[in-house]
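Could you build all of it, start to finish, from the sequences and the hints given here?
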Amino acid sequence: MRVKLFQSATMAEAMVQIRAELGADAIILEQRRTRHGVEVTAALEPDEPLLIQPLTSAAPFAPPGPLDFHNIPQELLGSLARGPLEHNLAEALSFTALPGGRERPLLLCGPPGAGKTLTTAKLATRMVLAGIPPLVITTDGQRAGAVEQLASFTRVLSVTLAVAPTQAMLAKALTHRSPGQPVLIDTAGCDPFNAEHARHLHQLVIQAGADMALVMPAGLDAAEAGDLARAFAALGARYLLPTRLDAARRLGSVLMAAKAGPLALTEAGIGPEVADGLQAITPEALAARLLAAPNRAAGTTGKDVF
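Numbering (the working numbering), first residue to last: 1 to 306.
Since the hints were derived computationally from the structure, they do not count as laboratory data.
Heads up, a few of these hints could be off.
[Said to hold, decoys possible] Only pairs whose alpha carbons sit at most 20 Å apart, straight line, appear in this in silico SDA-like list of lysine to any residue:
no., residue 1, residue 2
1, Lys172, Ala162
2, Lys172, Gly141
3, Lys4, Arg32
4, Lys4, Ala26
5, Lys172, His202
6, Lys4, Gly37
7, Lys172, Gly209
8, Lys172, Gln203
9, Lys4, Val16
10, Lys4, Glu21
11, Lys172, Asp140
12, Lys4, Gly23
13, Lys172, Ala151
[Said to hold, decoys possible] Estimated spans, in silico, between C-beta atoms of each pair:
no., residue 1, residue 2, range
14, His87, Ser152, 42 to 50 Å
15, Leu29, Arg143, 47 to 55 Å
16, Glu45, Pro84, 43 to 51 Å
17, Ser158, Leu77, 45 to 53 Å
18, Arg155, Asp276, 17 to 25 Å
Nothing here was measured: the structure is a model prediction, and the numbers come from that model.
Each residue gets a CB set at the ideal place from its N, CA and C atoms; glycine is no exception.
The structure is reproduced here in structure tokens:
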């Protein structure tokens with residue numbers, strides 16, 4: 001049986017194409033509407049019987065490997081599948097330490113619900129435990145309870161929290177910085193494809209002169225993650241901090257975001273604990289996680305890897 005997919009603006013045009021290519025004996029197997037018109041799958045029974053040859057030893061069946069589990073796009077999967085995985089990851093992607101917010105403020109951006117506020121609290125806790133309490137600023141004046149959520153952490157840590165939803169207020173908040181003090185800036189959820197959202201975020205980054213890190217949840221569709229990474233990179237993001245790696249089983253979106261940005265992989269958010277909820281991402285740790293993920297039950301912790 002000869003099967004072919006036809007795409008056209010209307011069903012009538014599709015039928016003309018089918019008759020011209022397959023003839024009047026063609027049969028319709030499936031039809032569906034698309035954004036651009038219709039897609040029709042048609043088939044034609046052959047006049048002669050189709051003989052299917054058995055597989056030979058020259059072309060053995062290759063079972064899917066552990067990387068196939070992660071829904072990694074083919075263009076990236078091909079570069080990772082040959083040789084030691086940790087070496088290939090180091091070649092294909094960038095890995096670096098997350099900026100500490102001392103030389104330049106560290107601004108965390110990302111889509112709504114990515115975990116920016118919790119990540120800000122984790123970073124602030126780490127700095128306090130290291131004896132370098134930061135100045136924490138939130139520009140999120142949109143989400144109900146956003147300020148109070150971060151304030152509950154900063155009160156426990158005994159660090160200053162400044163609320164600065166505008167450029168002018170951000171500039172004033174930065175004047176409260178002590179010499180050498182690190183600065184962490186939490187931002188509202190941003191749709192980078194919305195011109196107004198994107199312009200506001202870019203203005204805040206310019207005002208603060210900040211290093212910009214994209215906080216993105218793991219487990220997204222890989223293509224969507226790549227689009228988000230490219231859009232935030234265009235606004236100034238240079239670093240990637242994926243969250244929810246304790247819950248996500250497939251990491252294709254994380255790899256795609258790092259490659260598409262391109263963005264440097266820094267640390268991973270691995271749970272709700274504030275004191276130890278971030279761990280560095282290295283090629284070795286990421287390789288171990290990629291190879292172990294098919295055997296992990298959904299919802300189990302990833303702390304043994306990261």
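- Task: Compare the structure with the hints numbered earlier in the document and write down the numbers of the violated ones, lowest to highest.
- Result: Failing hints: none at all.
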